[in-house]
Amino acid sequence: MLTKRQEKILKIIIEEYIRSAQPVGSKKIHELIDIEVSSATIRNEGAVLEEKGFLEKEHTSSGRVPSTIGYRYFVDNLMSKENIDDIKERLNKIFEKRNASIVEVLDESSKILSEMTNLATVITSTPNNGEAVLRKAELIPISTESAVVIFALSNGIVENKVFDLKNVSLDDLQTAINLFNDRILETKIKDLDVKIEAIKPILQQQVKKYEFVLQTFLNVILHNTNTVTKTQGMQYMLENPEFSDPNKIKSVLKLIESISPFEWYKSQSTENNSAQAKIGFEIGDENNDLAVIGKNFETGDGQTSALTLVGPKRIQYDKAKELLDWIGIKIKEQFFKK
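Sequential numbering from 1 applies to the sequence shown in this note's numbering.
Bear in mind the hints are in silico, worked out from the structure with no lab data behind them.
None of the hints are false.
Subject to a maximum C-alpha distance of 25 Å in a straight line, what follows is the list of computed DSS-like cross-link-like pairs (lysine-lysine): (1) Lys111 / Lys88; (2) Lys337 / Lys93; (3) Lys195 / Lys161; (4) Lys332 / Lys88; (5) Lys136 / Lys208; (6) Lys209 / Lys166; (7) Lys230 / Lys330; (8) Lys8 / Lys57.
With beta-carbon atoms standing in for the labels, derived distance ranges: (9) Lys200 / Lys248: 44 to 52 Å; (10) Gln215 / Asn99: 41 to 49 Å; (11) Asp182 / Glu211: 15 to 23 Å; (12) Asp285 / Asp86: 31 to 39 Å; (13) Ser274 / Lys208: 41 to 49 Å; (14) Asn178 / Asn99: 45 to 53 Å.
These numbers come from a predicted model, not from an experiment.
Each residue gets a CB set at the ideal place from its N, CA and C atoms; glycine is no exception.
Turn these sequences into a full structure, and let the hints guide you.
Here is the structure:
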C-alpha cells in the first residue's frame, strides 16, 4: 500500500510524535531520515500520506500527526524492537519472590508498567468457564407476572434471569427448561453451541418465542457476574499532555469503567497469544484519541486474567507489546513448567 520511502516518513512521524507529543514537520523529518531526499519531496509524500488517511494535519501547526489508520499500519508493519532491559530487570525481581502467585505477579507488574510507560493498567479477571459443565437448570415462578430461571455450573457459578411473563408464557419457559435438563445438562460450556443447534428444531415446534427464549438462556449462562477489574497508574497516565483537556479525561475514565474492551482481551486464547493493540475508533468512535494494548494470561485453576495498558494513541506500542509478551513468557516458564 505504501512505498518504502512513505513507510520511512510515516515511521519517523509516529516515533517522533510518540516522543514529543508535538506535530512533526518536514524539517524535522529531513533531520531524521536516513535516505537522500529533499524537503519538497518530504512535503509531497506527507500530503500523499494525509490523503490516504495515514496522517492528519494540525490546524495550529504546519506539522502532521498520525491518524488511527497510521498507527494501525505502524503497529502491524513498522514497529522495531525496543531496548527495555532496565524495565525487565525490575520486573524480574517480582518473579524472584518466593511463593508469589500469578495474580500477585500481574498485580506488581502492572504497577511497574504504569510507572515506566506513563499509562494506566487494567487487570480483568474472571473464571474461565469453557471447561465448566452445566449442572442445573431450574424455573421458579415469583408471581403471576414474573418467573426466574437459574443455571448452575460445575465451577460454582450460579446465574439467573427474571422473565416478565407478559413477554413469554410460563409454560414455554418450563418447556425450554425441561428440554435443557433432558438434552443439555452435563455439557461443557465450550460445547454448548453444538448441543443448542441439535435442540433448536424441537424448541421451534414447542415454544412460541423460541429464538428469544434460547438466546436469553444462552446470554444468562455465558454471562459472568464475577468479573473483577483493578485499575492502577491513573496518575501516570494523566501526566500525558493529551489529558490537559478535561473532556479527554472524561473519555478515558468512561472507557475504563465500561470494561468491554478489557473483556475482549480476556476472551482471547492464552495459547501462544501475543499482545494486541486496539487503536482509536477500533474501541469505539467516542474513543478516537485513546488506545489500549493488552494480553490474556492463564492464571491456573481454570482462571484467566487480562493485563491491559491504556492511554493516548501515542502509546509506545513496541515497548508495551514486548513487555507484555515477555511477562507472558516468564509466567509460562515459572508457573507452567512441564
